[in-house]
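Student: Modelling step: build the complete structure from the supplied sequences, incorporating the hints.
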Amino acid sequence: MVAAQARARALIEAAPADIERTAMTQTPNTPKRNQKLLKSKGDFSREELAAFFESLAERVRAGDMTLGTGDNALAMDLPGTFRTTMEVTDSRKRRGIERELEIEIDWYVDENGKPIAEDGPASGFTIS
1 MVAAQARARA
11 LIEAAPADIE
21 RTAMTQTPNT
31 PKRNQKLLKS
41 KGDFSREELA
51 AFFESLAERV
61 RAGDMTLGTG
71 DNALAMDLPG
81 TFRTTMEVTD
91 SRKRRGIERE
101 LEIEIDWYVD
111 ENGKPIAEDG
121 PASGFTIS
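With the working numbering applied, the sequence shown corresponds to residues 1 to 128, in that order.
Check each hint, because a few of them may be wrong.
[As the list claims (entries may be wrong)] Simulated crosslink set (DMTMM-like; lysine to aspartate or glutamate; CA at most 20 Å straight-line):
no.: 1; residue 1: K39; residue 2: E100
no.: 2; residue 1: K36; residue 2: E118
no.: 3; residue 1: K41; residue 2: E87
no.: 4; residue 1: K39; residue 2: E102
no.: 5; residue 1: K93; residue 2: D64
no.: 6; residue 1: K39; residue 2: E104
no.: 7; residue 1: K39; residue 2: E87
no.: 8; residue 1: K41; residue 2: E104
no.: 9; residue 1: K39; residue 2: D71
Derived from the structure by calculation, the hints contain no laboratory data. Bear in mind that the values here come from a model prediction, so they are computed numbers and not experimental data.
Tutor: Here it is, written out as structure tokens:
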């Protein structure tokens, strides 16, 4: 458990080899449509994935998060409310049926990347 938590913190705080940071060729004030700032893929054990989400939850509660380090670092201030989307899909592949759980977290930022406060009613889904 402790090792999984340490790995999860390292993934949030440091740049694993499979994180790629897209170079920003435009100024922060003029982002292009759907500009990808960071992409990451990885394989986790169940315990490592749980620890990753726990570390992510800690950073959300703190209100800020940095993904990666050095030139690959992406620091974000987080808002008080988010729009979330959850989707589960099954896709037939050669090896069988692949199930995908996608959790998307969205919020608006200003030209400097600071969150724009938006209040909205609590709604959505439950996890049990």
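Student: Out of the numbered hints, which ones does the structure contradict?
Tutor: The structure breaks hints 2 and 5; every other hint is satisfied.
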